[in-house]
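A.B. asks: Dock chain B against the given chain A, drawing on the hints supplied.
Number of protein chains: 2
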Amino acid sequence: MKVLKSHKSFDGTVQFWQHDSEVTKTKMNFSVFLPPGKAKGALIWLSGLTCTDENFITKAGAQKYLNDLGLMVICPDTSPRGLNLPGEHETYDFGSGAGFYLNATTPGYADHYKMDDYINLEIYNILTNQFHISNNISIFGHSMGGHGALVLGLKNSKKYKSISAFSPIVNPSEVPWGIKAFTGYLGEDKEAWKNYDACELIKMGHRHQNPILIDQGLKDDFLNVQLQPEKFKSLCEQKDQKVVLNLLDGFDHSYYFIASRIHHHLEFHAKFIF
Amino acid sequence: MKVLKSHKSFDGTVQFWQHDSEVTKTKMNFSVFLPPGKAKGALIWLSGLTCTDENFITKAGAQKYLNDLGLMVICPDTSPRGLNLPGEHETYDFGSGAGFYLNATTPGYADHYKMDDYINLEIYNILTNQFHISNNISIFGHSMGGHGALVLGLKNSKKYKSISAFSPIVNPSEVPWGIKAFTGYLGEDKEAWKNYDACELIKMGHRHQNPILIDQGLKDDFLNVQLQPEKFKSLCEQKDQKVVLNLLDGFDHSYYFIASRIHHHLEFHAKFIF
Numbered sequence: 001m002k003v004l005k006s007h008k009s010f011d012g013t014v015q016f017w018q019h020d021s022e023v024t025k026t027k028m029n030f031s032v033f034l035p036p037g038k039a040k041g042a043l044i045w046l047s048g049l050t051c052t053d054e055n056f057i058t059k060a061g062a063q064k065y066l067n068d069l070g071l072m073v074i075c076p077d078t079s080p081r082g083l084n085l086p087g088e089h090e091t092y093d094f095g096s097g098a099g100f101y102l103n104a105t106t107p108g109y110a111d112h113y114k115m116d117d118y119i120n121l122e123i124y125n126i127l128t129n130q131f132h133i134s135n136n137i138s139i140f141g142h143s144m145g146g147h148g149a150l151v152l153g154l155k156n157s158k159k160y161k162s163i164s165a166f167s168p169i170v171n172p173s174e175v176p177w178g179i180k181a182f183t184g185y186l187g188e189d190k191e192a193w194k195n196y197d198a199c200e201l202i203k204m205g206h207r208h209q210n211p212i213l214i215d216q217g218l219k220d221d222f223l224n225v226q227l228q229p230e231k232f233k234s235l236c237e238q239k240d241q242k243v244v245l246n247l248l249d250g251f252d253h254s255y256y257f258i259a260s261r262i263h264h265h266l267e268f269h270a271k272f273i274f
Numbered sequence: 001m002k003v004l005k006s007h008k009s010f011d012g013t014v015q016f017w018q019h020d021s022e023v024t025k026t027k028m029n030f031s032v033f034l035p036p037g038k039a040k041g042a043l044i045w046l047s048g049l050t051c052t053d054e055n056f057i058t059k060a061g062a063q064k065y066l067n068d069l070g071l072m073v074i075c076p077d078t079s080p081r082g083l084n085l086p087g088e089h090e091t092y093d094f095g096s097g098a099g100f101y102l103n104a105t106t107p108g109y110a111d112h113y114k115m116d117d118y119i120n121l122e123i124y125n126i127l128t129n130q131f132h133i134s135n136n137i138s139i140f141g142h143s144m145g146g147h148g149a150l151v152l153g154l155k156n157s158k159k160y161k162s163i164s165a166f167s168p169i170v171n172p173s174e175v176p177w178g179i180k181a182f183t184g185y186l187g188e189d190k191e192a193w194k195n196y197d198a199c200e201l202i203k204m205g206h207r208h209q210n211p212i213l214i215d216q217g218l219k220d221d222f223l224n225v226q227l228q229p230e231k232f233k234s235l236c237e238q239k240d241q242k243v244v245l246n247l248l249d250g251f252d253h254s255y256y257f258i259a260s261r262i263h264h265h266l267e268f269h270a271k272f273i274f
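Chains A and B, in that order, are what the protein sequence lines are.
The C-terminal residue of the first sequence carries number 274 in the working numbering, and the numbering is unbroken.
The C-terminal residue of the second sequence carries number 274 in the working numbering, and the numbering is unbroken.
Some hints here could point you the wrong way.
Taking lysine-lysine and the BS3-like style, the derived pairs with C-alpha atoms no more than 25 Å apart in a straight line are [claimed, not checked]:
no.	chain 1	residue 1	chain 2	residue 2
1	B	159	A	59
2	A	158	B	2
3	B	59	A	219
4	B	2	A	219
5	B	38	A	2
6	A	59	B	59
7	A	8	B	38
8	A	271	B	2
9	B	8	A	219
10	B	38	A	219
11	A	8	B	64
12	A	219	B	219
13	A	59	B	5
14	B	219	A	38
A partial selection of chain B residues facing chain A, derived with a Cβ cut-off under 7 Å [stated by the list, open to error]:
no.	residue
15	8
16	54
17	58
18	59
The set of hints was computed from the structure by calculation and includes no laboratory data.
From the three backbone atoms N, C-alpha and C, an ideal C-beta is built for every residue, glycine too.
The following block holds chain A by itself, in its conformation from the complex (with noise of 0.2 Å):
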């Protein structure tokens, strides 16, 4: 594990880090904001399609209210890098920058696009390891990666104290994005799907202790084919899961949007970390 670039950046430090995954079984990036002094806890903030480890480090504007707070955040890239499996790298929608956040059990892919435990285990344990960081850890993410923190967040509820969201895929087995990214990486079996599906999840049972905070923009363009966020939030309501689901005006799937509400979703982790 090696540091490729560090910045000082408020109080505290910017790195990008490179390591050889066990899981995966390539090299992969992630970035991290540590505060000054010991790290309270940690947050995993998991991205959207087309993004890397960069994204939110450098565009999301957290660094000042994690710094305030005592916060790190650890932000792992969005696929495993430099393969080329069949159709890895032909549209924005699947194979490299689109992992979704489960391991896939199709040929070629089920070797290396292991992201659900890269990120449960392999990640985790580098909060463990690294940072010293072992249980005061919440997940987030946005879009694809918002869908990654609900799924995550539900199915190991002991191991995150809270869960937050912008603009989550929240019933991927119903939309295109997800239909796509799911037959490739897990076959026809619809079955197999439900296990990376927060609906589904909610309706098998799988609850959080915590209420699960999602933030959505109203003049969002994949609100209403892809995103649909009241779908859950029904399904939390008949299933006692407590949801709070904040509908903006005039916010869209940009990091404009994340910039402008990042404060309120560090300050929600903030409160079940601590």
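C.D. replies: Just chain B, lined up with the frame of chain A:
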């Protein structure tokens, strides 16, 4: 003039504009942040080498503070685009992305690379005519753009209420970046260079009525060869120009530095704009 993209950001709006510039005789791009309601004033941000109209607005984290202060910012591109002048696209520090905020006089470049007039006349007029801000305007920038802010601000002290810079090139006539650019844009006659060199302008008697703010990181790889802000500070002190030079431990030349200190610069300008 048209808006290419628009995003809600905090309670205001980020917009990316394109227009046909009369000065550069090319299409030019700029970005703006517009606070909610009528802006009380505007800041012109001049970016550094390799930047476009996007870097500041995505990475500096200025919107929250501009929003709260009621100020707009306009971020022009760093050179004309879409041309194919001799040597224009060969190196990062000359030609496209490296306009140096001067009016070129060398063949080919003289017809288009008039970034001094573009900022000081055309962008200034756009603030008045398109955004209805006529008087309360300040100027700041980073590196090559810090040079631009110092030079334009000192030569047009009545037009700009205040000047600040991050990591500026203060004496381009004497350092590799400046020598290369000035030779290419202005030719070999070093007398012509003085008109675009902040140190020389101070020697010639140009002054600004308000203190000039400069922030400089001490881990900046360009500090000792390209930047040397203490040269400017000591000249200012000899010549009765007020200057505040903050030398800051640990910070480098990146936008992580700018984001860490942007608040400070915006509050500085607000004092003089209001």
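A.B. asks: Against each hint, give a clear statement of whether it holds in the structure.
C.D. replies: Evaluated hints:
1. With a CA separation close to 32 Å, the supplied pair residue 159(B) and residue 59(A) exceeds the 25 Å bound.
2. As the CA atoms of residue 158(A) and residue 2(B) are separated by approximately 51 Å, the hinted pair breaks the 25 Å bound.
3. For the given pair, residue 59(B) sits about 22 Å from residue 219(A) by alpha-carbon distance, which is consistent with the 25 Å threshold.
4. For the hint pairing residue 2(B) with residue 219(A), the CA-to-CA distance comes to about 20 Å; that is within 25 Å, so the pair holds.
5. Proximity of residue 38(B) to residue 2(A) is assessed by CA-CA distance (about 49 Å); at most 25 Å being required, the pair is judged violated.
6. Simply put, residue 59(A) and residue 59(B) have alpha-carbon atoms about 5 Å apart, close enough for the 25 Å limit, and the pair holds.
7. Of the supplied pair hints, the one linking residue 8(A) and residue 38(B) is violated, its CA atoms being roughly 36 Å apart against a limit of 25 Å.
8. Pair hint residue 271(A) plus residue 2(B) does not hold up; C-alpha atoms about 44 Å apart against a cutoff of 25 Å.
9. Among the hinted pairs, residue 8(B) with residue 219(A) is consistent with the structure: their alpha-carbon atoms are about 9 Å apart, no more than 25 Å.
10. The straight-line distance between the Cα atoms of residue 38(B) and residue 219(A) is roughly 23 Å, inside the 25 Å bound, and the hint therefore holds.
11. In summary, the hint linking residue 8(A) to residue 64(B) is supported, as the alpha carbons are separated by about 21 Å, within the 25 Å threshold.
12. Proximity of residue 219(A) to residue 219(B) is assessed by CA-CA distance (about 42 Å); at most 25 Å being required, the pair is judged violated.
13. As the CA atoms of residue 59(A) and residue 5(B) are separated by approximately 17 Å, the hinted pair is consistent with the 25 Å bound.
14. As the CA atoms of residue 219(B) and residue 38(A) are separated by approximately 23 Å, the hinted pair is consistent with the 25 Å bound.
15. A hinted interface residue such as residue 8(B) counts as satisfied when its beta carbon comes closer than 7 Å to some beta carbon of chain A; here the least separation is about 4 Å, so the hint holds.
16. Annotation: residue 54(B) was flagged as interfacial toward chain A, and the flag is violated, the nearest CB pair being 11 Å apart, outside 7 Å.
17. Hint status for residue 58(B) relative to chain A: holds, with the closest Cβ pair at about 5 Å, below 7 Å.
18. Checking residue 59(B) against chain A by beta carbon gives a least distance of about 5 Å; that is within 7 Å, so the hint holds.
Checked against the numbered hints above, the structure breaks hints 1, 2, 5, 7, 8, 12, 16 and satisfies the rest.
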